Amino acid sequence: MDSPAANAAFAKQIGITFPLLSDMNRKMLKTYGILKGYDKNNETYEWALRANIVIDKQGIIQLVDEGDSAVDPNTALTMCTTLHKKDAAK
Amino acid sequence: MKRALVLGLLAASAMAAAPIARYVEKSDVAKMTLKVGDTAPDFTLLSNEWKTVKLSDYRGKKNVFLAVYVLAFTGG
Chain P
1 MDSPAANAAF AKQIGITFPL LSDMNRKMLK TYGILKGYDK NNETYEWALR
51 ANIVIDKQGI IQLVDEGDSA VDPNTALTMC TTLHKKDAAK
Chain X
91 MKRALVLGLL AASAMAAAPI ARYVEKSDVA KMTLKVGDTA PDFTLLSNEW
141 KTVKLSDYRG KKNVFLAVYV LAFTGG
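Line by line, the protein sequences are chains P and X.
Heads up, the first sequence is in the working numbering, so the first residue is 1 and it goes up one at a time.
Heads up, the second sequence is in the working numbering, so the first residue is 91 and it goes up one at a time.
I should point out that these hints are in silico values taken from the structure, not numbers from a laboratory.
All values reported here derive from a predicted model rather than from experimental measurement.
No residue lacks a Cβ here, since even glycine has one placed at the ideal position from N, Cα and C.
Careful: at least some of the hints might be erroneous.
As the list claims (entries may be wrong) - Just so you have them, the derived chain X footprint on chain P, three or more residues with Cβ under 8 angstroms:
| id | region |
| --- | --- |
| 1 | 3–11 |
| 2 | 29–37 |
| 3 | 46–52 |
| 4 | 72–86 |
Said to hold, decoys possible - Sample of chain X residues facing chain P (criterion: CB under 7 angstroms; computed from the structure):
| id | residue |
| --- | --- |
| 5 | THR123 |
| 6 | LEU124 |
| 7 | ASP128 |
| 8 | PHE133 |
| 9 | ASN138 |
| 10 | VAL143 |
| 11 | GLY150 |
| 12 | ALA157 |
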């Protein structure tokens, strides 16, 4: 689990300016259905999927990419551009 | 990147996540429960600056790009 301190080091290392968040108790991951469980040899293991989610100003989910398709951020970036254009047109 | 707030969520789960994933058939992996058109559930998380960040703080102000990473800051 990446703590805020680990995230701070990571942000500094690669020059990130946006917030890096830690879900230390996995609450958000569970709420969003991103944390998955897998039973193996009578043990349950949990891991999080890779995911990109775009949420508009009204709090409505506009895009969900998960798993392999979330590795490429361009789909989500295109959605951000679309939302920005819609906002600018208002 | 002013057009949307980007939140990177370094969501590391079990350390053995990567090896386990190899054994998982795609059909065993449940889909996310949320879908386009749903209201995004609010959350409160700690940022890399130890500040509290709430999704609802951006309601009516900014679009949000939430990127969930797994084990981003690890050597493996």
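Requested in this report: List, from low to high, the hint numbers that the structure doesn't satisfy.
Outcome: Those not satisfied: there are none.
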